[in-house]
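Take a look at the letters that make up each chain.
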Amino acid sequence: MKTSKRIVLRFPQRLVDRPIVYHLIRDYDLAFNILKASITPDKEGLMVLEITGEREAYDKGIAYLNEAGVKIDALNREVTRNEHRCTHCGACVTMCPVYAFSIDEESREIKFDAKKCIVCGICIQGCPPRAMELHF
Amino acid sequence: MQKTLEEINQRIKEGKAVVLTAEEIVGYAKEKGLKAAFKEVDVVTTGTFGPMCSSGAYFNIGHTTPRMKLGGGRAYLNDVPAYAAFAAADLYIGANALPDDDPRNRIHPGEFNYGGGHVIEELVAGKDVRLEASAYGTDCYPRRRLSSYINIKDLNEAVLFNMRNAYQNYNVAINLSDKTIYTYMGVLKPNMGNINYCTAGMLSPLLNDPYYRTIGIGSRIFLGGGVGYVAWQGTQHNPGVARTDGGVPKGGSGTLAVIGDLKQMDARYLVGTSMLGYGVTLSVGIGVPIPILSEEILQSTLVTDNDIVGTVIDYSSAYPNLRPGAVAEVTYAQLRSGKVHINGKEIPTASLCSYSRAREIAGKLKSWIEKGTFEITSPVAPLPGIDSGLSVRPFNERPIGDSNQHLL
Numbered sequence: 096m097k098t099s100k101r102i103v104l105r106f107p108q109r110l111v112d113r114p115i116v117y118h119l120i121r122d123y124d125l126a127f128n129i130l131k132a133s134i135t136p137d138k139e140g141l142m143v144l145e146i147t148g149e150r151e152a153y154d155k156g157i158a159y160l161n162e163a164g165v166k167i168d169a170l171n172r173e174v175t176r177n178e179h180r181c182t183h184c185g186a187c188v189t190m191c192p193v194y195a196f197s198i199d200e201e202s203r204e205i206k207f208d209a210k211k212c213i214v215c216g217i218c219i220q221g222c223p224p225r226a227m228e229l230h231f
Numbered sequence: 054m055q056k057t058l059e060e061i062n063q064r065i066k067e068g069k070a071v072v073l074t075a076e077e078i079v080g081y082a083k084e085k086g087l088k089a090a091f092k093e094v095d096v097v098t099t100g101t102f103g104p105m106c107s108s109g110a111y112f113n114i115g116h117t118t119p120r121m122k123l124g125g126g127r128a129y130l131n132d133v134p135a136y137a138a139f140a141a142a143d144l145y146i147g148a149n150a151l152p153d154d155d156p157r158n159r160i161h162p163g164e165f166n167y168g169g170g171h172v173i174e175e176l177v178a179g180k181d182v183r184l185e186a187s188a189y190g191t192d193c194y195p196r197r198r199l200s201s202y203i204n205i206k207d208l209n210e211a212v213l214f215n216m217r218n219a220y221q222n223y224n225v226a227i228n229l230s231d232k233t234i235y236t237y238m239g240v241l242k243p244n245m246g247n248i249n250y251c252t253a254g255m256l257s258p259l260l261n262d263p264y265y266r267t268i269g270i271g272s273r274i275f276l277g278g279g280v281g282y283v284a285w286q287g288t289q290h291n292p293g294v295a296r297t298d299g300g301v302p303k304g305g306s307g308t309l310a311v312i313g314d315l316k317q318m319d320a321r322y323l324v325g326t327s328m329l330g331y332g333v334t335l336s337v338g339i340g341v342p343i344p345i346l347s348e349e350i351l352q353s354t355l356v357t358d359n360d361i362v363g364t365v366i367d368y369s370s371a372y373p374n375l376r377p378g379a380v381a382e383v384t385y386a387q388l389r390s391g392k393v394h395i396n397g398k399e400i401p402t403a404s405l406c407s408y409s410r411a412r413e414i415a416g417k418l419k420s421w422i423e424k425g426t427f428e429i430t431s432p433v434a435p436l437p438g439i440d441s442g443l444s445v446r447p448f449n450e451r452p453i454g455d456s457n458q459h460l461l
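For the protein sequence lines, the chains are B and S, in the order given.
Using our numbering, the letters of the first sequence correspond one by one to residues 96 to 231.
Using our numbering, the letters of the second sequence correspond one by one to residues 54 to 461.
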């Protein structure tokens, strides 16, 4: 049975220069698609992969990654707010289809409720100081 | 009874001045009564923070070796074109400038992620900015090309000069059409889907001094986190518009041209801003102190969002076609409540300028005055008032016919 999953891999510093994904693909006969990768030599690496293959091979591949010391998470896209860039203007308030933004009556600052967010991304280009960011 | 500016400045110097923000004064005067409040209060501070498109900065880069005459040549800062039409080493960058290769609205709505406003923000933040310039050579200025990083700390003068800021009230925007529109007033949903507004209301400088009794040319102000001055009335200064009984203009009215040392400023109050489908601009923080010289002046600072009326304009048709006609009039108290009712429909509202940061600016200016580091100046000349006869004219278009052979 074929399976296809999106996963987030976090490589600790000691693994960054090892050919782990190469082995994953070759030794377990999996196809992959890189959705995002940021790997800096001598630092932590992050990779978002879509992996497709036989269920058994997929499970063995994940076991291999675990054993190698790679941290694995299911893909979780989320929109976050860069607090340094947000000016609390409020342009996002009516733009958001699910009302994830609201105005605090006291401080007049804009509150962002990430739990309400459906990750549609409308606010990302709509935010005048570009404070909203999409993360994998 | 009157107070003089000298008395107020003396108290500021002694650290004894009583300073309240334009929000605080309302409750204070209510509690104490106008007469008692007038005796006690020296200064009321105002603040506003929002996109102000007619902003820009000029600076002098110093002379290169060999010398180069930028004037009449071309110059780019982080790929954004600057105006090179002055002497050898001076440049001006406008907030709305875009890189030549920005796709604009070719794929609508354009993103407009980077432009002149962002260059100004990065300069103020102390970041290196790429300068690339070309020019023609002369005997005294032979150099023709320059490609170098520049940094604000190395510039001889770096000056923010905004030809129109701090609008005294402004249009409230709505969309009567059946498709989403992308405007400088933000994204407007079809069929009156939302309303956007853009003023600091009761904190806004010119709404607290509606007849320009204390704010004039030469007034010292908070500008972009530093100290600046009112240089002139802003372009499109239009004091004669319809006003409420309290003197509050019902639409865009007075404006300020402001100037200040960019090197003192803070990127928290000068933020590069992108309006989807419209362009780039600069969000500017301005605060103006109002010396309480008379009860009349104090009375004007007691304005609240209930007293300020905004005119709702259709940005799908009336605005672009320069057609008069208002959809409705609403108060800023209604707008700030998050929804207004027009023609029986409940419409959500949003602001494009930051009320919390406007409040922060009024508070910061208050603390400068309380500490004795910021004295109030008397204007050297007044802004044109309601009796000046000054009003904004639309463009007087005189088409050039085909018979004008000399142009061909």
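Because the hints were derived from the structure by calculation, they are not lab data.
Any given hint might turn out to be false.
As the list claims (entries may be wrong) - In silico DSS-like pairs for lysine-lysine, Cα to Cα no more than 30 Å straight-line:
1) LYS211/B <-> LYS242/S
2) LYS131/B <-> LYS206/B
3) LYS206/B <-> LYS392/S
Hint-by-hint comparison with the structure:
At most 30 Å may separate the alpha-carbon atoms for a hinted pair to count; LYS211/B and LYS242/S meet this at roughly 21 Å. Distance check on the hinted pair: LYS131/B and LYS206/B sit about 29 Å apart at the alpha-carbon level, within 30 Å; holds. Our distance criterion of 30 Å between C-alpha atoms is met by LYS206/B and LYS392/S, whose separation comes to about 17 Å.
Comparing the model with each numbered hint stated earlier shows that all of them hold.
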